[in-house]
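Start from the sequences, fold in the hints, and give me the full structure.
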Amino acid sequence: QVQLVESGGGLVQAGGSLRLSCVASGRTFSSYTMGWFRQAPGKEREFVAAINWNGDRTYTTGRFTISRDNAKNTVYLQMNSLKPEDTAVYYCAAANQLSSRKSEYNYWGQGTQVTVSS
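Just so we're aligned, residue 34 is where the sequence shown starts under our numbering, counting upward by one.
No wet-lab data here; the hints were simulated from the structure.
Among the hints, erroneous ones may be present.
Dumping the calculated PhoX-like pairs for lysine-lysine here, alpha-carbon to alpha-carbon at most 25 Å [stated by the list, open to error]:
#, residue 1, residue 2
1, Lys105, Lys76
2, Lys116, Lys76
3, Lys76, Lys135
Nothing here was measured: the structure is a model prediction, and the numbers come from that model.
Structure (structure tokens):
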């Protein structure tokens, strides 16, 4: 069992930056692929980025950077050049393999709100 808690969301102006963090409980964090997804109002939850267990492989959709610190049981999402369309609830999740598919992720956090104003 893995419990995930996101933080770092908030209100930012377009062009600004935020860094999201996700802290995992449990001693097996380093064995999981970690991913970030987001869901805007009225839209499907969509993949943003993923990183494999030791951080040497990542999979992202564009402007954001994912990283992890296994000593701290934490995965990060660095978001730069934010746009209003990046507004969404951002979720971290854990999976057994590197994937962009929601169905591959077994554990999910509660999410953190990111709002980008124009």
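Tested hints:
1. Lys105 / Lys76: Not satisfied, since the Cα-Cα distance of roughly 32 Å exceeds 25 Å.
2. Lys116 / Lys76: Roughly 17 Å between the alpha carbons, so the hint for Lys116 and Lys76 holds.
3. Lys76 / Lys135: Holds - the C-alpha atoms of Lys135 and Lys76 are around 14 Å apart, at most 25 Å.
Violated hint for the displayed structure: number 1, the only one.
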